[in-house]
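> Here are the chains, one letter per residue:
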Amino acid sequence: MGNSIKLTHGNGGKDTSILIKEIFQKHFNNNLLINSLDAAIFEVGQGKLAFTTDSFVVKPLFFSGGDIGKLAVCGTINDLVVSGAMPLYISCGFIIEEGFSIDLLENIVASMGEMCKETGVKIITGDTKVVEKGSVDGLFINTSGIGLIIKGYEQKPIKEGDKVIVTGGIGEHGTTIAIQRYEMKVKGYFKSDCMPLNKVIKKLGKYAIKIKLMKDPTRGGLATALNEIAEFSGMGIHLLEEQIPVKKEVISVNQLIGLDPLYLACEGRMILVVDQMECEKVLKEIRQCEECEDAAIIGSIVNSGTQSIVFMETFIGGKRIIGPLDGPMLPRIC
Amino acid sequence: MNKELIRHLIKEINIMASKEIKIMEVCGTHTQMISKLGIRSVLSPNIKLLSGPGCPVCVTEEKYIDTAIEMLNNYDVTIATFGDLLRVKGTKNCLLDKKSRGKNVIIVHSPLDLINIAKDDKKRKIIFLGVGFETTAPIIALTIRTAFEKEINNLFFLTSIKLMSPILHYILKQPENQIQGLICPGHVASIKGASYFEFIAEDYNIPAAVCGFEALDILGGIHYLVKQIIDNENKSFKNLYKRCVRTQGNPIANHLIEEVFQISHGVWRGIGKVENSFLTIKKKYRNFDADNNFEVKIESQRHISKCACSDILLGNKTPRECELFDRVCNPFSPYGPCMVSTEGACAIAYKYWEEMYNG
Numbered sequence: 001m002g003n004s005i006k007l008t009h010g011n012g013g014k015d016t017s018i019l020i021k022e023i024f025q026k027h028f029n030n031n032l033l034i035n036s037l038d039a040a041i042f043e044v045g046q047g048k049l050a051f052t053t054d055s056f057v058v059k060p061l062f063f064s065g066g067d068i069g070k071l072a073v074c075g076t077i078n079d080l081v082v083s084g085a086m087p088l089y090i091s092c093g094f095i096i097e098e099g100f101s102i103d104l105l106e107n108i109v110a111s112m113g114e115m116c117k118e119t120g121v122k123i124i125t126g127d128t129k130v131v132e133k134g135s136v137d138g139l140f141i142n143t144s145g146i147g148l149i150i151k152g153y154e155q156k157p158i159k160e161g162d163k164v165i166v167t168g169g170i171g172e173h174g175t176t177i178a179i180q181r182y183e184m185k186v187k188g189y190f191k192s193d194c195m196p197l198n199k200v201i202k203k204l205g206k207y208a209i210k211i212k213l214m215k216d217p218t219r220g221g222l223a224t225a226l227n228e229i230a231e232f233s234g235m236g237i238h239l240l241e242e243q244i245p246v247k248k249e250v251i252s253v254n255q256l257i258g259l260d261p262l263y264l265a266c267e268g269r270m271i272l273v274v275d276q277m278e279c280e281k282v283l284k285e286i287r288q289c290e291e292c293e294d295a296a297i298i299g300s301i302v303n304s305g306t307q308s309i310v311f312m313e314t315f316i317g318g319k320r321i322i323g324p325l326d327g328p329m330l331p332r333i334c
Numbered sequence: 001m002n003k004e005l006i007r008h009l010i011k012e013i014n015i016m017a018s019k020e021i022k023i024m025e026v027c028g029t030h031t032q033m034i035s036k037l038g039i040r041s042v043l044s045p046n047i048k049l050l051s052g053p054g055c056p057v058c059v060t061e062e063k064y065i066d067t068a069i070e071m072l073n074n075y076d077v078t079i080a081t082f083g084d085l086l087r088v089k090g091t092k093n094c095l096l097d098k099k100s101r102g103k104n105v106i107i108v109h110s111p112l113d114l115i116n117i118a119k120d121d122k123k124r125k126i127i128f129l130g131v132g133f134e135t136t137a138p139i140i141a142l143t144i145r146t147a148f149e150k151e152i153n154n155l156f157f158l159t160s161i162k163l164m165s166p167i168l169h170y171i172l173k174q175p176e177n178q179i180q181g182l183i184c185p186g187h188v189a190s191i192k193g194a195s196y197f198e199f200i201a202e203d204y205n206i207p208a209a210v211c212g213f214e215a216l217d218i219l220g221g222i223h224y225l226v227k228q229i230i231d232n233e234n235k236s237f238k239n240l241y242k243r244c245v246r247t248q249g250n251p252i253a254n255h256l257i258e259e260v261f262q263i264s265h266g267v268w269r270g271i272g273k274v275e276n277s278f279l280t281i282k283k284k285y286r287n288f289d290a291d292n293n294f295e296v297k298i299e300s301q302r303h304i305s306k307c308a309c310s311d312i313l314l315g316n317k318t319p320r321e322c323e324l325f326d327r328v329c330n331p332f333s334p335y336g337p338c339m340v341s342t343e344g345a346c347a348i349a350y351k352y353w354e355e356m357y358n359g
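Chain order of the listed sequences is A and B. Sequence positions in the first sequence follow the numbering used here and run 1 to 334. Sequence positions in the second sequence follow the numbering used here and run 1 to 359.
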């Protein structure tokens, strides 16, 4: 197959077929994929489906705690999870730059395969295109996913007093990418929070009826996601600064580079709006999930009049408005 | 415990503030903390906190970034900088734009790291961008002196280092701003000593306090100043940041500054020429001065007449009183200096939506 991707790997002929068999089918190994020609055919049970798509252009392709492949699978799984769905199947399209290392491609595909194994989600159809050198930067991936909405869950109207939960420390993915992108030499272990959230939703099954809304704070970070929730619901959000989980090292690095963790992408965190009577129980369940020990109730829904404002109460009792991300932050973060 | 004390201070400040009181801070970190903590929202509207020229990046001319970019364009050099300068725009571009287009731009936490980088690759010419006040001057001086002693000849410095006391004299001589109290910058004071700021009370009869950067430090400072303004005929000065600031400062750091730099006139963005307000590299070390080694031509500065930055820096206006603020001027397309860096008064007011919150 050689060491690097050639244009012929994307022409639909012999080389493409070798690439598919030796790299993609090897790692995505499942019957639905292997037995399909132009489309995967599968049965679904009764119920509602969720369907999502996302493209991944992260730079660098490999970062502490993950790579573009893991990010693509987790990103799609998480979009389904926050829609209240158990993820089932994923499709993936690769756009690869001519000359890209086949070893690196296999590493990326293998990490997608591992994520599938871990989560039980299957990649059942895909596509590969190769473009001339310089037409893309290495490799871009598009993934789509289908999931089955869990019983009892539907988005519900948000009301005053509902609580806002975040499932772990914020800004870790964005900070990790920034450190590598800016080639910063910092001590301490920085790792992207990139992970699949389907375990969390499994755990929360019995509380589904008490969860009003879920959202993953990816691009634009916690601040932007909360502003979207506020606008969507027509309510205000009152945050308590001391309650928001942010690792000390994340704060320090961002002070150095002038970025704000509130606006940095998370790739394995979720925001939940929960009925206040049940919020402690829901929090307890979430904290039992792997990597969710720092989950916290970070604020509540308030009536803020005609404007849907997100504001932060600082530990001295001061208040400041938290607007949505405005202008550039860190491009190609996912 | 701290929280109780903080509540108590806030209460007392608000009781004392029966009339309008204008207090200025001249350190970007103070400006940022005041907004981040929401200090204005817990104090009486009578307390007006104004932000002076405390952010060194903001008051650095656009020409400076343009010069660095031209050096990158015209010579085979690496630009080394602190992270906060990366996204500051010159006339057209910022260094981050150049970095993403493949130019050599590296971030360092200390310029001293560059000694080894320069030694390891003698063919690589590195220019460090040294921007700051008296706080950053000693480490830059130490790097220059070390490079001199180790006979390193591929490391250069493009500096724009400013001095706090000349600009404070300049501000306090403006009668219009009616500044009644000054929060002195804790970082500068740790180098120059608390005594560096005694002149504020002695020469201008304006109370002043050196403050740290925690909520209690800043509120303690405001409390001291408000009490002085209300009660005392003769205003005094106090060092409230004794855990970091000595009266005479740091003698080693000051010796380094004197060894490597000389005092010169200089132009502050948004303000203009201020006499004896810059530190430039002495003749003995001129081989390390990037200006001497890489000649570039920079076109003259654009001038925006409606920009209120000079009034904001001098304490005559607040960011929202500028007619360009948030209409055409924002951190992504700044017109004036205060919108440029993350520590600029306008950029902070923009980010934290200051004065917008009434609840």
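The set of hints was computed from the structure by calculation and includes no laboratory data. A few of these clues could be false.
[What the hints assert, rightly or not] In silico BS3-like links for lysine-lysine, alpha-carbon gap of 25 angstroms or less:
#	chain 1	residue 1	chain 2	residue 2
1	A	319	B	48
2	A	133	B	3
3	B	3	A	247
4	B	19	A	319
5	B	306	B	283
6	B	99	A	59
7	A	185	B	19
> Now look at each hint and say whether the structure bears it out.
For each hint, the structure was consulted:
{"no.": "1", "hint": "A:319 with B:48", "result": "holds (17 angstroms)"}
{"no.": "2", "hint": "A:133 with B:3", "result": "violated (60 angstroms)"}
{"no.": "3", "hint": "B:3 with A:247", "result": "holds (22 angstroms)"}
{"no.": "4", "hint": "B:19 with A:319", "result": "holds (23 angstroms)"}
{"no.": "5", "hint": "B:306 with B:283", "result": "violated (40 angstroms)"}
{"no.": "6", "hint": "B:99 with A:59", "result": "holds (14 angstroms)"}
{"no.": "7", "hint": "A:185 with B:19", "result": "violated (50 angstroms)"}
In summary, the numbered hints that this structure violates are 2, 5 and 7.
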